[in-house]
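4 protein chains.
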Amino acid sequence: MKKPQHVIEFRVRYSETDQMRTYYNSRPLEWFERGRTELLRALGKPYRDVERLGVMLPVKEAHVEYLGRAEYDDLLKMTSTISMPGKARIRVDVQIEHAESGQPVCRGYTVHVVTDLSGKPIRPPEWLVESARADGAQPRE
Amino acid sequence: MKKPQHVIEFRVRYSETDQMRTYYNSRPLEWFERGRTELLRALGKPYRDVERLGVMLPVKEAHVEYLGRAEYDDLLKMTSTISMPGKARIRVDVQIEHAESGQPVCRGYTVHVVTDLSGKPIRPPEWLVESARADGAQPRE
Amino acid sequence: MKKPQHVIEFRVRYSETDQMRTYYNSRPLEWFERGRTELLRALGKPYRDVERLGVMLPVKEAHVEYLGRAEYDDLLKMTSTISMPGKARIRVDVQIEHAESGQPVCRGYTVHVVTDLSGKPIRPPEWLVESARADGAQPRE
Amino acid sequence: MKKPQHVIEFRVRYSETDQMRTYYNSRPLEWFERGRTELLRALGKPYRDVERLGVMLPVKEAHVEYLGRAEYDDLLKMTSTISMPGKARIRVDVQIEHAESGQPVCRGYTVHVVTDLSGKPIRPPEWLVESARADGAQPRE
Numbered sequence: 001m002k003k004p005q006h007v008i009e010f011r012v013r014y015s016e017t018d019q020m021r022t023y024y025n026s027r028p029l030e031w032f033e034r035g036r037t038e039l040l041r042a043l044g045k046p047y048r049d050v051e052r053l054g055v056m057l058p059v060k061e062a063h064v065e066y067l068g069r070a071e072y073d074d075l076l077k078m079t080s081t082i083s084m085p086g087k088a089r090i091r092v093d094v095q096i097e098h099a100e101s102g103q104p105v106c107r108g109y110t111v112h113v114v115t116d117l118s119g120k121p122i123r124p125p126e127w128l129v130e131s132a133r134a135d136g137a138q139p140r141e
Numbered sequence: 001m002k003k004p005q006h007v008i009e010f011r012v013r014y015s016e017t018d019q020m021r022t023y024y025n026s027r028p029l030e031w032f033e034r035g036r037t038e039l040l041r042a043l044g045k046p047y048r049d050v051e052r053l054g055v056m057l058p059v060k061e062a063h064v065e066y067l068g069r070a071e072y073d074d075l076l077k078m079t080s081t082i083s084m085p086g087k088a089r090i091r092v093d094v095q096i097e098h099a100e101s102g103q104p105v106c107r108g109y110t111v112h113v114v115t116d117l118s119g120k121p122i123r124p125p126e127w128l129v130e131s132a133r134a135d136g137a138q139p140r141e
Numbered sequence: 001m002k003k004p005q006h007v008i009e010f011r012v013r014y015s016e017t018d019q020m021r022t023y024y025n026s027r028p029l030e031w032f033e034r035g036r037t038e039l040l041r042a043l044g045k046p047y048r049d050v051e052r053l054g055v056m057l058p059v060k061e062a063h064v065e066y067l068g069r070a071e072y073d074d075l076l077k078m079t080s081t082i083s084m085p086g087k088a089r090i091r092v093d094v095q096i097e098h099a100e101s102g103q104p105v106c107r108g109y110t111v112h113v114v115t116d117l118s119g120k121p122i123r124p125p126e127w128l129v130e131s132a133r134a135d136g137a138q139p140r141e
Numbered sequence: 001m002k003k004p005q006h007v008i009e010f011r012v013r014y015s016e017t018d019q020m021r022t023y024y025n026s027r028p029l030e031w032f033e034r035g036r037t038e039l040l041r042a043l044g045k046p047y048r049d050v051e052r053l054g055v056m057l058p059v060k061e062a063h064v065e066y067l068g069r070a071e072y073d074d075l076l077k078m079t080s081t082i083s084m085p086g087k088a089r090i091r092v093d094v095q096i097e098h099a100e101s102g103q104p105v106c107r108g109y110t111v112h113v114v115t116d117l118s119g120k121p122i123r124p125p126e127w128l129v130e131s132a133r134a135d136g137a138q139p140r141e
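Chains as they are written, first to last, in our numbering: chain A, 1 to 141; chain B, 1 to 141; chain C, 1 to 141; chain D, 1 to 141.
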């Protein structure tokens, strides 16, 4: 049974490196977003559709630990796991490593609140609660 | 009479470099935007106010020539010049060089159409036409 | 024989949008880089290996025409075509459209010189000349 | 005696916004870098010179709390404070608010190790220890 977790692979872009010849420190937050996007799609709820239904998940907090280098074109593997640490907050934990060697690149998390389009906090929709709490949510193929 | 040209100085951010130890090739377009922003402000028409009045200046075309390196923290000097190549288009030419040595970094331009908030082309407002066609003089402090 | 043209599909990231609700104008240059990266990989010469062999292809010129909107998560199709407009220059033409509707998003090109690691122009390696001139190369105006 | 704290003002770039019409969540880490750069310059040790002397301060950890919106061209005020939570680590706490209203935008910190150019941890140079511990250093929880 699948966990509310999702794995994608991607390559480091040249634009994401800096003169230290590794990824610049803000890139993981952009990668985390891709992970969330694909995680929600796998759960059957693409975020663009979620936003169109009037539900937003703005980031309230983000944390990154930098564990190792990653250069241009390196193939990375990112694992995103969703959970609900409280009644109104969503948390996505992310782990990124080199796809082949398993060498760690970084890990971190984002915490999100659930709001309407005007930014007012709302009760998380049922599908989100179920997804985040599921022991075995089935990601859609 | 106001001159349709504006000069600013800025430093290259670490995030703007890449593993070739110079600025990544998309950064000039972000710098050009800063130049336009400050040019319009100097003309007495901050772009944010322009947008609030229902006038947008989306980019239709952009061109960059890369002339030399610029590393992290290098102090650059950017000159932006506005003109109207036709009745409905605005063009901003930009030149970027090292502030001290005058060594060239890049040059290019953006071409903009004038639209309403829905993206429909509109007649350029009078202040814009006058600004872009001015023969020269002093930007406002 | 491989054609010097390559097609990839990708989705617009949230980080690539701006407050006009479409992609920010510098993003195409980052997308073009991804196109070149995959084009060279398809030609059997990943750019990272090329750089390791002491050959660099810095961008000398870039041009973008903005043809239509693309929002977060839109699936885009990018076609990159390599050619050699002269003895020492490489050009990559790029076309980006919505994957399903075929609606145009943008098009443009980058021009590259061939240099050694110190930035000194060198004669393009044979494989590059052959790739760029191979069957299927698009004659350009 | 200089205080290990530094304040700069800057404006939100259009490229830093996203379709939620506020700054994208990775931008604070780029802003934090600007804060560190100007903080070290104010301490008489521009980071580019530090790197040239063979000392690097790679980011090991970063944290951001998002407290409020900031739109294109908003004038923000960023306060960066340096400290040494241990013998080998540097921490920079950052606070960003709207320059005029004082409304909070975000806050966070980065933790850095001190390494040589090869990435090997080294003892922090004396000037850095003194700077981080100087009069005015904020005791942290």
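Quick caveat, the hints were computed from the structure, so don't treat them as lab data. Just so you know, these numbers come straight off a predicted model, no measurement behind them. Careful, some of the hints might be misleading.
Claimed, not checked - Below are the DSSO-like pairs computed for lysine-lysine, each with C-alpha atoms no more than 27 Å apart in a straight line:
# : chain 1 : residue 1 : chain 2 : residue 2
1 : C       : LYS77     : C       : LYS45
2 : A       : LYS77     : C       : LYS45
3 : D       : LYS77     : A       : LYS60
4 : A       : LYS60     : D       : LYS87
Proposed proximity, LYS87 of chain D with LYS60 of chain A (alpha carbon, max 27 Å): violated (31 Å)
LYS77 of chain C paired with LYS45 of chain C [C-alpha distance capped at 27 Å]: Distance of about 22 Å is within 27 Å: holds.
27 Å Cα cutoff - pair LYS77 of chain D, LYS60 of chain A: holds (20 Å)
27 Å Cα cutoff - pair LYS77 of chain A, LYS45 of chain C: holds (23 Å)
Going down the numbered hints, you'll see the structure goes against just number 4.
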